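Go by the hints and put chain D onto chain G.
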Amino acid sequence: MSEALIEATGIDVSFSGRQVLKAGEARVGVGEIVTLIGPNGAGKTTMARVMLGLLKPDRGDVKRRADLRIGYMPQRLNIDPALPISVKRFLSLGLSRSDMGHGLRHAVLKETGVDHVADSPIQRISGGEMQRVLLARALLRNPDLLVLDEPVQGVDLGGQAELYALIRGIRDQRGCGVLMVSHDLHMVMAATDHVICLNRHVCCAGHPETVSRHPEFVALFGEAVAAELSIYQHDHDHEHDVHGNVISGHRHHHDHEHDHG
Amino acid sequence: MDDFLIRALLAGCAVALVAGPLGAFVVWRRMAYFGATLSHASLLGIALGLLLGIKPTLGVLAVCIVVALLMGLRHRSIKTEMLSEDTMLGILAHGTLALGLVAVAFLGDVRFDLNAYLFGDILAVTTGDLYGLYLGGVVVATILAFIWRPLLSATVDEELAIVEGIPVHIHRLVYMLVLAGVVALAMKVVGILLVTSLLIIPAAAARQLSTTPEQMGALAALCGCLSIAGGLWGSATYDTPSGPSIVVASLVLFVASRLFRRSV
Numbered sequence: 001m002s003e004a005l006i007e008a009t010g011i012d013v014s015f016s017g018r019q020v021l022k023a024g025e026a027r028v029g030v031g032e033i034v035t036l037i038g039p040n041g042a043g044k045t046t047m048a049r050v051m052l053g054l055l056k057p058d059r060g061d062v063k064r065r066a067d068l069r070i071g072y073m074p075q076r077l078n079i080d081p082a083l084p085i086s087v088k089r090f091l092s093l094g095l096s097r098s099d100m101g102h103g104l105r106h107a108v109l110k111e112t113g114v115d116h117v118a119d120s121p122i123q124r125i126s127g128g129e130m131q132r133v134l135l136a137r138a139l140l141r142n143p144d145l146l147v148l149d150e151p152v153q154g155v156d157l158g159g160q161a162e163l164y165a166l167i168r169g170i171r172d173q174r175g176c177g178v179l180m181v182s183h184d185l186h187m188v189m190a191a192t193d194h195v196i197c198l199n200r201h202v203c204c205a206g207h208p209e210t211v212s213r214h215p216e217f218v219a220l221f222g223e224a225v226a227a228e229l230s231i232y233q234h235d236h237d238h239e240h241d242v243h244g245n246v247i248s249g250h251r252h253h254h255d256h257e258h259d260h261g
Numbered sequence: 262m263d264d265f266l267i268r269a270l271l272a273g274c275a276v277a278l279v280a281g282p283l284g285a286f287v288v289w290r291r292m293a294y295f296g297a298t299l300s301h302a303s304l305l306g307i308a309l310g311l312l313l314g315i316k317p318t319l320g321v322l323a324v325c326i327v328v329a330l331l332m333g334l335r336h337r338s339i340k341t342e343m344l345s346e347d348t349m350l351g352i353l354a355h356g357t358l359a360l361g362l363v364a365v366a367f368l369g370d371v372r373f374d375l376n377a378y379l380f381g382d383i384l385a386v387t388t389g390d391l392y393g394l395y396l397g398g399v400v401v402a403t404i405l406a407f408i409w410r411p412l413l414s415a416t417v418d419e420e421l422a423i424v425e426g427i428p429v430h431i432h433r434l435v436y437m438l439v440l441a442g443v444v445a446l447a448m449k450v451v452g453i454l455l456v457t458s459l460l461i462i463p464a465a466a467a468r469q470l471s472t473t474p475e476q477m478g479a480l481a482a483l484c485g486c487l488s489i490a491g492g493l494w495g496s497a498t499y500d501t502p503s504g505p506s507i508v509v510a511s512l513v514l515f516v517a518s519r520l521f522r523r524s525v
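Sequence lines, in order, name chains G and D. Counted the way this note's numbering counts, the first sequence spans residues 1 to 261. Counted the way this note's numbering counts, the second sequence spans residues 262 to 525.
By construction, these hints were calculated from the structure, which means they are not laboratory data. Hints may be right or wrong, so weigh each one.
[Claimed, not checked] Straight-line Cα separation of at most 16 Å, EDC-like style, residue types lysine to aspartate or glutamate; simulated pairs:
#1 G:K56 - G:D67
#2 G:K63 - G:E3
#3 G:K63 - G:D99
#4 G:K56 - D:E420
#5 G:K88 - G:E111
#6 G:K88 - D:E475
Note that the coordinates shown come from a computational prediction; the quantities given were computed from them, not determined experimentally.
The shape of chain G in the complex, shown without the other chains (with noise of 0.2 Å):
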């Protein structure tokens, strides 16, 4: 198991007496990506906001590695339309002062594909490079945990399958740790390390085929799906001990020298 980035346990969360999430645990270590799955209302997001120091919970722990950088994609941006601003200064807001200028934005927008919005006003731009250029604004701080809510909203199915691949790319070069939230289970379960079935509480947890094999996730989402899933696991670089967990196996080191230039 790698370092761990952060680590929440027992979190606890209700809204006006409704608890929305009970004993609520997730890990991210470093490199690893790990997708937090459940229906709608599953206390997914909530989880993922508590993690991001968004939302306090009524009981639990938030541990985080000293200094940890976190980039965060929102589910979506609500950006009036009277506000006149592109692509480009929007990016600006997540940077110091005195990185502006160093090409850093241009650098992240290629990195996600999306350098010909660049100077678009933000508005104006589809849904799909919306999404990317949300992921660029993530990645601007060099993050060690990038936080993704629903990353592939609004994208359509060739999109998703492209970004899920962008994501998986940028962890491999980068070695940043990934904390995802996700409703639609294929694409995600072929694009991650370890899953995290909520459901108010935590249902299951492990390797993506493992999780698909559990009862408690058979039940939630239906025999059909939980069978249509494994068909997706085949990559086997790495092994699993009882629980899922990765055990040895392709866990690469980078160095981490990025050119801004």
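Positioned in the frame of chain G, the structure of chain D alone reads:
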């Protein structure tokens, strides 16, 4: 040009220059109703000022600051709050207006010109008032310059700003307090009934012509000054009330900007 017209023009521009960029944030953050609430609450401030024997402008400032604090600190109990911001503003706006009207009745034998407060009194601006307005304007502009970037960041997306380490609640509170200050300043120019218009209309007119937030703030300030000049000219030429004439002038600019957009 008469001296009093020059003083009026200078006074109006002092307010318009800060109301423009501040108003842009009102438009971006959809806070028009908050502005209206401050303007309703101002009557209570005037009445309290007169009752306590202090300057009505200070009374307005005090009441507006209390309203801003009430709304600005609301986020602390947001998890258990069951009433929307809209409802709270409605209660504050009309509650304070009613309190103001009741307080005015208590004034009884104090003689004052209510109309001057409701519709502005820009032609009666003294040199002393001018110093006060420019001092207030400089304070507001300085604070706004300091919080501009983080406030813009929070306006684009509050949660993203929080995760990136910006104390958004403090900035919002400071912004609301500055807005309260501008309402107190603008009362002299257009009166409490029309204060919000000076914040919103020039900013809305500037939107069509802007591609960056700063451009929109600057153009809003310019549109505001043009409205002041146009309104004062109209007021002098057709003998109309100055405050409403200024607002009508800004309305003309706004409509012109819409037509301009159609034609581009």
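Ascending list of hint numbers which this structure does not respect: When the structure is compared with the hints, numbers 1 and 3 turn out to be violated.
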